[in-house]
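Undergrad: Chain by chain, the residues run as shown.
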Amino acid sequence: MVHIERAPWREMVNHAQAVYPNECCGAMIGTIDGDKKVVTVAMMLDNVSQGSQAARYELRPEDLLKADREARTRGLDLIGIYHSHPDCGAYFSETDLKNSCPWYSFVVLSVQNGSFDHANSWLPNAEQTHAEKEELTWPES
Amino acid sequence: MARILIPTPLRQFAEKNDTVELPGATVGEVLGALTAKYPDLKKNLYNDEGKLRSFVNVYLNDEDIRYTGKDATAVVDSDVLSIVPSIAGGKNVR
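Residue numbers (my numbering), protein chains in the order written: chain A, 1 to 141; chain B, 1 to 94.
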């Protein structure tokens with residue numbers, strides 16, 4: 001399960017609402033104890049998709065490398081990636097699945113009419129054919 | 001010996017090490033030594049055809065090896081190899 005602490009959660013929601021109607025993306029850093037992952041730091045990253053950012057996001061691998069180094073410097077772990085879905089649900093789309101990686105948790109934030117609506121966390125498989133929903137909590141959830 | 005930084009979710013396949021030091025004159029040799037030492041890492045990094053999975057990028061220090069000679073990229077002591085996934089996505093478009 002993934003729990004997101006108050007400060008990173010606010011940053012993620014603010015980020016998703018600020019870039020609406022486009023998609024935002026970022027890294028989640030924190031601690032992992034068995035199956036329990038606690039996000040203590042959110043790192044906003046650039047959406048570098050060349051297509052319509054209202055329906056696409058793409059991370060620079062170099063930015064993810066920096067996020068991993070930042071986590072190591074702080075004695076923390078890179079837990080996963082977050083991104084937003086403007087004006088639709090927090091499902092894991094076909095595009096999300098085909099461009100995912102099975103090593104991390106993927107938190108999707110649904111933003112409806114510019115305001116946060118709901119969120120889910122997903123764990124894709126290595127073959128990029130299926131994603132399992134995992135329990136996700138945050139302070140107001 | 002080059003240092004390889006192991007991503008958190010893969011450490012369970014590398015005796016929980018976050019960093020591993022292994023010999024090799026090229027990136028291919030170092031990665032070969034890595035998967036020989038930790039065979040369970042191989043299926044996470046390589047597909048059934050023995051190629052790096054589509055979402056796996058390897059960086060030598062700050063350089064993506066796709067642009068420096070791929071597996072043949074020379075490695076010297078003190079070099080750091082990082083395993084970094086490609087990630088993208090987006091909502092369904094109707």
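Honestly, the hints are just simulated from the structure, not real lab data.
We put the CB at the ideal spot given by N, CA and C, even for glycine.
A portion of the hints provided could be inaccurate.
[Said to hold, decoys possible] Facing chain A, according to a computed beta carbon distance under 10 Å, are these residues of chain B, among others:
1. L5
2. T8
3. N44
4. V56
5. P85
6. G89
Undergrad: Name the hints, by number, that the structure is in violation of.
TA: none
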